[in-house]
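Participant: Here's the letter readout for the chains.
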Amino acid sequence: MSVVEGTLTGTLTMATPLLLGALGENIVERAGVVNVGLEGMMLLGAFAATMGARQSGNPYLGVAVAAGIGVLTALLFAAFAIKLTANQVVIGVVMNLLALGVTGTAYRALFGTTGSFVETAALPRLLWDQTLLTPLALLAVPAVWWGLFRTRLGLELRACGEQPVAAEAAGVNVARLRTAALAFGGAMAGIAGAFLSVGETNTFKEDMTAGRGFIALAIVTAGRWNPYGCLAAALIFGFADALQIRWQALGWNLPYQLFLALPYIVTLAILALGGRASQAPAALGQPYRRA
Amino acid sequence: MRSAREAATTDGPPQAQPNNGVPLLEMVGIVKRYGPTLALNGVDLAVRAGEIHALLGENGAGKSTLMHVLSGLTHADAGEIRLWGHPVRIPSPRAARALGIAMVHQHFTLAPAFTVAENLALDSARGPGSGLPLGTFAAREAAAPALERAAALGWQLDPDARIADLSVGTQQRVEIVKALATQARLLIFDEPTAVLSGDEVEELFQVLRRLREEGHAVILIAHKLAEILAVADTVTVLRRGNRVASCPVAETDARQLATWMIGVSPDSPHPLSPSSGGPHPPAPFPTRSSLAREGRDPTWDDCGPHPRPLSRSVGEGRDLTPAPSPSQGEGRRQAGSPPSLIGRGAGGLGATPGKGAGGLGQTQAKEAEEPGAAAAFAARDILVRGDRGEVAIRGLSLEVARGEILGIGGVDGNGQTELAEALIGLRPIEAGTLSWEGGPFRAGVSPTTGYIPQDRRRVGLAVGMTVEDNLLFEAVRAPQFRRGPFLRRKALQRLASDLIRAFDVRTPSRTLPVSALSGGNQQKVVVARALHANPHWIVAVNPTRGLDIGATRFVHEQLRQARARGAAIVLISTDLDEIAALADRAAILSGGRLHPYQVSEVDQTQLGLLLGGLGAEQAAPPDKPSAAGETA
Amino acid sequence: MSVRSETPGVPEIPAPLAGQPPGETTPPAWPLRALRALAQGLGYAAGLLALMSLTFLALRINPITALMALWEGAFGNASSGHLYPLSETLVKTSPLLLTGLGIVVAWRAGLFSIGAEGQLLMGALSAAALARFASSLPGPLLTLLMILAAMAAGALWGAIAGWLRVRRNVQEVISTIMLNYIALALVGWMVRGPLQERARISPQSEPVPDAALFARIIPPAWSGGIPTRLHSGVLLAFLAAIVVYLYLYYTAAGFGLRVVGQNPEAARAARFPVPKLRMQAMAISGALCGLAGGVELLGIAIRLYDNFSPGWGYTAIPVALLGGLHPLGTVLSALFFGALTAGSGNLERFSGVPSVVINIIQAAAVLAVVGVRAWRARRAGSAED
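If you're matching them up, the sequences are chains A, B and C in order. The numbers in the working numbering rise by one with no breaks, and the one at position 111 of the first sequence is 111. To convert, take the position in the second sequence, counting from 1, and add 291; that gives the working numbering. To convert, take the position in the third sequence, counting from 1, and add 923; that gives the working numbering.
No lab work stands behind these hints, which were simulated from the structure alone. Treat each hint with caution, since some may be false.
Stated by the list, open to error - Quick list of the computed label-pair ranges, beta carbon to beta carbon:
1. Arg1091(C) to Glu432(B): 29 to 39 Å
2. Asp746(B) to Lys83(A): 24 to 34 Å
3. Val1166(C) to Val682(B): 40 to 50 Å
4. Ala282(A) to Glu432(B): 52 to 62 Å
5. Lys83(A) to Pro1063(C): 51 to 61 Å
All C-beta atoms in this analysis are idealised placements derived from N, C-alpha and C, irrespective of residue type, glycine included.
Model the full structure from these sequences, guided by the hints.
Facilitator: Set out below in structure tokens:
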């Protein structure tokens, strides 16, 4: 495989979990919730997928288990952040901590001490070295866009993020819709995690998400809360990642870390300089209490 | 007749079938209590289809509460609501919608980032039991019927325009179309003209008339008499939770409405000593309220013109600055000193120079002797914008002398908050000037300022902090309480304890969260903070709203004492009794401008006319004024 | 002290544990109050113990053995001595305390920064850079300059997020995530580029000159010949807690900051300079986190490398929350987290329970506190209606 080809397939591989997580978070943030716990949900998904794949021998079932765990975690998040209207950032941070503790403890309890290597069945590579999840993630982009901008549900969901009072006045149950959005985001995060453990690799490692959840959060912002924007941002972040691996092979004499930081700097610049189009949903992060 | 026919053709809710001769809406004996206060005391209201029914009353008269009951936002303690003669229950806003009741709010319920089409689509045609709304759906298509409705009203709304980019008037159109799209038969307009310009008002009236012709019932919450006379068919007047009158607009006039709205006191001029420097008598308890409490009402169902003659004409001037301008003459000459907003006896615009140098201590005694000798604070032609960018105050001028309280009355939403913030330099003025004792006005510094904001829980207090902390917002920045960057905590604690005692804040401890106090005690905290440092310039907005009698008296006494100390004070209040009790000079703020009146001589009818946005000249002829759009 | 805010624009600030419970109206005299505070403290301790026991039970671990192992790991026992484990607990406390204080300052101003990690890294980075390029300076001067550089870099990183919020209305939650990763990338580049050790073998910086390092406080003779790692920088962390306490409660600026966090509208009406105070809060928050990075470099790490921080900046948020967003409460909760960290190694050694289990305990503790508070606030709210 040539370097160029390798970089391109590598970009897809790196971008897939970011895109999956970001698409879910896009829906969540459009509904007015910021889920800092995305990282933890992905980590739990990665672990759950490994367990599911091991128990059933079928990696696809592992992915399904991961999605289910993602939904459950999201519901826990919703119980605190939506039902009890606690601060979303607090709950998100706690979710990350919880995921780190649960996956680490359970993994070592089941498979012994650090460093042991547990192989599971992995998703088969179909085309261009990609698993089924990559085309699914790509197809999810127009689907999410359609859902957000071409369905009544999407309109109502966006109303929850822009002006919850108006949504409620129009007969929308804001709390329920936000919870549903979180459940979707949790499922996508779970699948994104599964991609790491049974797609890209065939094993689980502690803290294997390594910040990808946070990157997915950044991608939603960089993509201006639009699925196609998320796709573009995920490909850019993925490309930066893929290039990093091949940096040496390319023989470039540039510090690749600076290149890695570039997408973040560009995102910040967009936010700082961008006009209205770059603005977040107006009610993002605000708990909604019914009058 | 028309109403019944029209309604019969539409598919009304099953429990509300049209019925010949029966009003579309009847509210009977509606009672609503909030704690000890009786917000609605058995109010009746009947509205027919094909009728524009105005609901008139001062702030606190019960208009909003009644409409909240009707739109399902609150529940009545007693009484019955009937639609087409059938009793109905309205437990929620959603239920109200299902019954065909829609409200056009003063503060729009639109999502600013959405397009017109998206906002209309969100609200329209969400049929009950439509299941998971996942079918393909374009906002423009869903909004099409609403947009057609708009076109039928003569409005070309751009479906792709973002709400935030539209003018306030256009936003209101979207809001109206949104309400119409719910198949509502009964439309409630909450002070719809408050945010509109003159031309827009006339266009809105055309639409209201159009809706009437289509057989809708329209309830118009209003306080501008000219508007009511111009567009309404019937008017119901509320005062202090009671229905005062209800009659066809054709059988009444502005002065009659004004009298109903304000009530009539047996001895019209308020018993206030004209002097102001000396100690003032405790607040004389307002006669209007006592009347209302006793339930006597001399004007009940009296549709004839009110007999009381105008005791004096009210200043025609929109510009209240004194200036010895030629236009000031005629109308005012007849009665006493002209009701201008400069200090009594002031020679004109300029405050005396050379006075600014002295500190409060020096000037205090002098002020007490000859109060208001010259204006201390002056605002000239100021233009102030509200938070939405609309012009809230347009070309307003006023002056206040030391030892003087200028009372500014008016119905909420006429720019009170914007004016107050501009007067203390908290909100930038876009045009005009502020000055203090002839010199430049430096916000918070020259003069020292005390501010009692309108909404204590939202703006006045940090409710999660302690009583002590809330008392010290100002003091922590005063040099005498600082040692380098550090606070003199002991001194501050002593100050807080002193203030709690001096201002009679009933709290078991100064370290209690202020949220644990009663409303009256919370307000005492706000007042203590604003006044304890003896500021030279004080602006108070509705300082006694929601307080009981004792707390009200206390706050009034504090303002009087501040006046006696020589402070210049502006009291902005929707409670005209409060202004009558405290103010040396008074004006009504209406449409972003001031209309002066004399507290000691003003006639209740005139007050009502002023509140209703009418100057003397409009009020004079007994017949219905034809100037429909007279709102400026 | 802080209650859910009334304005819709401001997210809720979790209230300190030490504050008055919301429903209370008549505080008794001080001895009674002290007693009550003590009882409350004991209550929280009991709650934490119960929570930990439950966690262990859920993992099918004997809670008594596990708790004992944790305790001995953090505080030692009679046979092997207390000094070493205690010193380790303090060493582990220091970065959590400093970053936790940083979170306290930002969150009390109503800014929900999660940028402590990036600010810490920037602090360590600039201190390491100074050590590299000014290594000829006399030791104490270099130490001082490194600390100042660390604080300045952290403050800058915080101020960027503050500026974005105040002038550009960019939510700090989002901007600080970006800044964290930019800092991470900067460190990654520096330890492979300009700051890499002279041998150019590993991606790490040259060690800080010995003369500049923080002194080890406990002579090895006291701890039975085992050298302890307790360094003078730890004292700096506790000193910082006092400084933050004084700043928040004894200065006008700190007072203004608390008002802004409680109710920005009221702060504006009372003429507090809201944008300036927010910028200040982010800068101070960043300086404290940057200091954490500098202290860790000078006290323990000696070099800068890729995984310099094991996520202190993120753990700081639970630390601050459990400390009731109060600087002195944060001292206690940082000690608790530090003891857990120090004890978890012992737990793993003797009972095979992985040390990451403490993350679950920390998460559960914060969830319990947040949940109870939110539930109470809801109940109080519904009682008012």
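Participant: State for each hint whether it applies.
Facilitator: Hints and how they fare:
1. Checked against the given bound of 29 to 39 Å, the beta carbons of Arg1091(C) and Glu432(B), roughly 37 Å apart, stay inside it.
2. Between Asp746(B) and Lys83(A) the Cβ separation comes to about 29 Å, which falls inside the hinted range of 24 to 34 Å.
3. A C-beta distance of roughly 48 Å is found between Val1166(C) and Val682(B), which places it inside the suggested range of 40 to 50 Å.
4. At roughly 25 Å, the beta carbons of Ala282(A) and Glu432(B) sit outside the given window of 52 to 62 Å.
5. A C-beta distance of roughly 55 Å is found between Lys83(A) and Pro1063(C), which places it inside the suggested range of 51 to 61 Å.
Violated hint: 4 only; the structure is consistent with all others.
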